[in-house]
Every structure is written in structure tokens, then in C-alpha cells.
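Chains as they are written, first to last, in full-length UniProt numbering: chain A, 1 to 375; chain B, 1 to 341.
If you are wondering where the hints come from, they were derived from the structure by calculation, not from laboratory data.
As the structure is a computational prediction, the values presented were derived from the model and not from experiment.
One thing to keep in mind: the hints can contain errors.
As the list claims (entries may be wrong) - With the Cβ distance kept under 7 Å, some of the chain B side facing chain A (calculated, not the full set):
#1 E56
#2 L201
#3 V265
#4 Q273
#5 P286
#6 P291
#7 S309
Built from N, CA and C at the ideal position, the CB exists for glycine as well.
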Amino acid sequence: MAKKKNDYVDLKTQPIPEGHHLLEVDNLKMFFHTEDGVVKAVNGVSYTLDRGETLGVVGESGSGKSVTHMTIMGLIDMPPGKIEEGDVRYRGRSLLEMSEQEMQHIRGNDIAMIFQDPMTSLNPVYKIGRQVGEGLRLHRGYSKKEALERATELLRLVGIPSPEKRVNEYPHQFSGGMRQRVMIAMALACDPDILIADEPTTALDVTIQAQIIELMKEMQEKNGNAIIMITHDLGVVADMADKIMVMYAGRPVEFGTADEIFYESRHPYTWGLIRSIPEQAIDEKKPLTPIHGNPPSLVNLPSGCPFAPRCPYAVDICHQKEPEHIVTETGHYSACHFADDPEFLKFAPDTSRSRGKIATGMPDTLDPDLTGGEA
Amino acid sequence: MTDTTKEPLLKVEHLSKEFPAESGMIAGRFSKRVVSAVKDISFEIYPGETFGLVGESGCGKSTTGRSIMRLTNPTAGHVYFEGKDVAQMNSKELKAMRREMQFVFQDPQASLNPRMTIGEIVSEPMVIHGIGTKEERIERVRELLDVVGLNPEHINRYPHEFSGGQRQRIGIARAFALRPKLIICDEPVSALDVSIQAQVLNLLKDLQDHFGTAYLFIAHDLSVVQHISDRVAVMYLGKIVEISDWKTLYTEPHHPYTQSLLSAVPVPDPDVQKTRKRIILPGDPPSPIDPPSGCRFHTRCPIAQAVCSEEQPELREVAPGHFCACHCAAVNPIKETSIEL
């Protein structure tokens, strides 16, 4: 007996208009106007996303990856924030032109978000079942009982043991990994088209992180939703993302398929990120190659390429002229003056593909004499 | 590098630390229960080496570090620093010991006093131990700031004027002010971005080459620990489950927990990530208030046998210098490429 508000049509049930993608972000610019000056937090972000796809958004803290997606969700206070330019279209409809009421239907129903810290994003005084079912009551008009039933089902789906009991517990009775599972259950409650996950595993231990990533992939296979995975860890998106956008100082500096970003990267910032990660060396330890210096302040961006002051290859033009996106045939783009210079691209880090060597982190061959001892 | 022919600088023997379980509304009934944070662990650190201690949150790695420096008093066991038992020291001896043993904390924001200039912060250990005149100390601070890659001209600035990575450099400069023999680094890079993390790791390595300091490097990130350490100990729920040199731990992990940790570390390389074997452990680590009987890992272990829930496995030498506490690892290694959730 779901009472649906009849004055509203679920956008996610509408077909995507011809020539449009599920989500299109088009040269989005959002600046904060503060007393200290204009903070160019989102400065020309563009990408497209289709159903079933996963986009990885990678960058250091302060690179604008979270703010971009808060802007898309309409979660930024305006003022101090202001959309300067660009558009965000979901199934052909502009999200920026929607009323707050319409946005409320979108949030949680069509586009859902998982936040980094599962403790602060759950309400400590409400039972888990009520919080998971809240979206269903709001968007689908479920009754209390129906919502609780569905919440129990969702908790079971995300691998929480004895969900009938757990729906009546409070957030503090859950561990960090379990809370993040609850967040995923909550986000998936209304079967959203797009799931935005903002550093969903950063606060978790590595073994729990592996569980949560597996769970998100599994849910995506089942529901066919798109995922936007925001992270500072390139390792997390390596086997998950179809496309990756690398952000620096509020703008995307490189965009391409996962293979293009990891194996044919054309931007020195991406190279720096890859080189900074300790390699699981098998023979000898090499010193790490960090990116020198610190990310720039978004109030006083350096002239020219924002990465130039930290770039080991920067020459005069980098400090004078802001680079355009240089796009390849496959749509892989890089904001570097030398992105199409084959000589320059020789500086790129070597990877397993160029080395032809695969490190698995596990012994490949186990002594055959020892494998027979199974009880 | 590890030189095991020398006397160990630090020797930890059967160290245990228990905290009283929290008292709350249902206090009375549970008042006799304890949180067994660290249970009977032993290891040595040799001069000039880096000993890594890795494990998930709540496994007792930080408590171990704090017990060694006696920031918290161990419940049982001994910690010998240069042959002297830290647990038996009086306050005067402790002060002398702490001149040789310093600490770098995880949160560079919380561990620097916001009302002190960085000059005051870095010189404070020297003031406490009465080293040099004021002018000499300032000279030394300038030297230290230069060594850790900060501008000595900034000696009169306050911590808030620095970024996270720079603050961690200040913390490191302070730890090195007394030229200690051992520095306990408790998650020194986990609050930093990966690009800045690499800067700090390189700095720690350079300083070690220069001063010959030994590190106890505590972290949850296995790839970071492996990168910096000569030898690594893996902890699970208060127990050391495996100790070996970094290379062996990587190429021949023995304990199923070490194997699953290694396989869970994300590799920034799609080809590798898609093809490698992964062991995904089910569930969460159990509570240290009521740890599982027998092997503490048996509740999540993919190869657990009946014996595992009954008998506690001893840390046995499986190869020279490689110790592992597991009943089954040798006879029944993990064969499956992935274990379902």
C-alpha cells in the first residue's frame, strides 16, 4: 500500500534522452566568496557517467574532490558558495535549476551518498532500522512496518548477521565496518541510480576495507547503479574504477580509463601520486619519490599551471600559461602543456605492465608436500 | 641494517598490559573483567635498525609502544633498555632513559602546543635535560629545522602556520633534538596525504642513515611498514603472530593473518589487482575484553582446526629469524584464491 506522491515522477524511471548520459557534469565552477577572498573550490570539472560504470575521483586533501560532489548533490550553502559557470545534468535534467523540493526527491532516491565517517553520519539517538528505512518512508511512502521489514532485508543484504535483532540497536552498538555497511544499506534503500561514496573506507582497517569494496562491487553488479568513488588512494580504485578523474587545486588535471591513468598517464601529478606509494618491492628497496612541497592555497592560485611550483619538469611556459586539456582519440585528457610530446611521456613511471612482472603479495607456489594435510 | 651480533638496544620480554574494563551502568557485574590489550609479547630491537609493528586498530600496537616508554605501566613482563629494566626504574632513571628514547606521535596537530613557537617546541627536550646554553640551543634548533627540511628562519612561527606534513617534520625535529638511540614512531604518517607521506618516510630514512638511530615503527599500513622496516612483527588482538625480516614476510608470509593482511593491501595497478590472490577475512576482530580461547585468530581464520580453539599456539621459529604462532600454517596452508565473505 505504498502511497506515492502523484505529483512527482521518479526521474530514475524515465528514459535517458537521446544524446545524453546518465550524469553529465559540464565545466562546473563553484567558488566560495569569503572574507579572505574567492576560493576557487571547483574550477571547471567535466565528465560523463553511465549506468553500471564506476568513476574514481582521486586527489590530495583540498583538491576539491568532495566539494565537487557536494555541489552536484546541492549540499553546499549558497552563499558563501556560488555557481559561477557550468551545469550538472541528470538524465538530461539540470540539477542546478531544480527547486529545493525537487532536489529532496533526487537526494537519497536517485542519487545517494555515503560519507567517510560512519559515526558522525548516523544519528546516535535513533535505532538503525528507523534510519535505514527513513528514505523509504520519505520517498516511497512506506508504512513504518514496511520500512522496517525492508530495512531488515537490506541489512541482511549487506552482510550484517542477525538483522532482525540489529535493526533495533543503536549506532554505538555497531563496529566501524558494520556502521559503514549500515551506511551502504541506507544509501541503497531506494535503489538509487548513482551512488556517491566519499572516502568510504578511509576510516577503516585494511581487512575491513577489502570487505566493503567487495560489497560495493557486488551490489553494483546486482543493481546496475553507477558509482562515484572519491578517494585519495589510487590503490582503492585500481580494480574498481572504469574511469578515473585526477583532481588538483579544484580542477581535473587528467581523466581517462583506469588503464589509461595507470599505464599511459600523461600528467606529472598523476605520476607523482603513483610514485609516492610504497612499492611492494621483492628485491631491493628504492627510496620513494614524493611530490615536493604542498598543495597551493585555493585563494592565491599560482599563475600558469597550478601544479608548476611542485612539478619537477616545469619550464617557463608552465609558470606563464595555464594549460588547456589535451584530448586523445579515446577521450583521455590531460591538462599539461607537454601531454602530447612523446619525448616527455618517457618520464612516466614504469608499471607492472611495462615491467611485465606481477607481484601478488602471496606465495604463488606452495610446497606440494605440505598441501595434503587437510583435515 | 640489523646487526644481530650486537647486544640488543631494547629487549621486550613477555610484556602484558591489561586495562580494567570500563565501568558503566552495569559496572558491578563486570568489574573483574579486564581488557587484555597486550598479551605476553617478546621482541628485540638492535641498534640502528627499524623494527616495524603492524596490525589493525585495537590490536595493542600503540599500547606496546607506550608501555616500552613507560607512558603507561605494563601489567607484567620486562622491558630492558640497554640492559636496564624500564619497569623497575625510579623517576630519575626514567628521565635519563627518556633522553635516549623519544616518541613521534600520530597527530601532528594535537602533539604540538599551539601557544609555543616551533623554536620553543624543538628546544624543550634540551631545556628539560639541561643541555647547552640558550644560544647553543637556538643554534641546535636551527640546525635541526634545516635537517628536517624546514626553513630555520621560521623558528619564531607557531604550529598553525604550518601544513600537516610540516608539523610532522617539527615533531620529528623535536624527537631528534637529544640525539636519542631509539625513537618510537606511532603512526607517524597515517594522518598525511600519500604524496606528503612519502616525503616524511624519506626524511625518517635519511635521518636514520645520518644519526644511526633505531626506530620502533608502529603503523596499520603494511606497505608503509614494509618500506621502512628491517624486521616486522605482525600483531593481532594483543599477540604477536609473526616476526621476520621484511623480505621474508613479503615473499613467504606464514601466518594466515599476515597473508590476508598482505592480500588486502590495495595495489595501485589494475592488472595486478585483478589477478592476484585475495583472502577476505570474515567479520570484525573480536573484543579484547573476552578474547577467543586458544589461538586468538581462530574465529576469523580460514584454515582453523579443532586444536586452534583449544590450545594457544607458541611463537615458533619456522626458519632462521622467522617466527610464527600458528598450529596449522605449516601443514595446511591457504590454497583457495579467495574466501567468500
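Right, here's what the structure says about each hint:
The closest approach between the C-beta of E56 (chain B) and any C-beta of chain A is roughly 4 Å, which is under the 7 Å cut-off, so the hint is satisfied. Checking L201 (chain B) against chain A: minimum C-beta separation of about 6 Å stays under 7 Å; hint holds. Satisfaction of the interface hint for V265 (chain B) is found here, the shortest Cβ-Cβ separation to chain A being roughly 6 Å, below the 7 Å cut-off. Restraint check, Q273 (chain B) versus chain A: the minimum CB separation of about 4 Å is within 7 Å; hint holds.
Taking 7 Å as the C-beta cut-off, the interface hint given for P286 (chain B) is violated, the closest approach to chain A being about 10 Å. Taking 7 Å as the C-beta cut-off, the interface hint given for P291 (chain B) is violated, the closest approach to chain A being about 16 Å. Of the supplied interface hints, the one on S309 (chain B) is violated, with its beta-carbon coming no nearer than about 14 Å to a beta-carbon of chain A, more than 7 Å.
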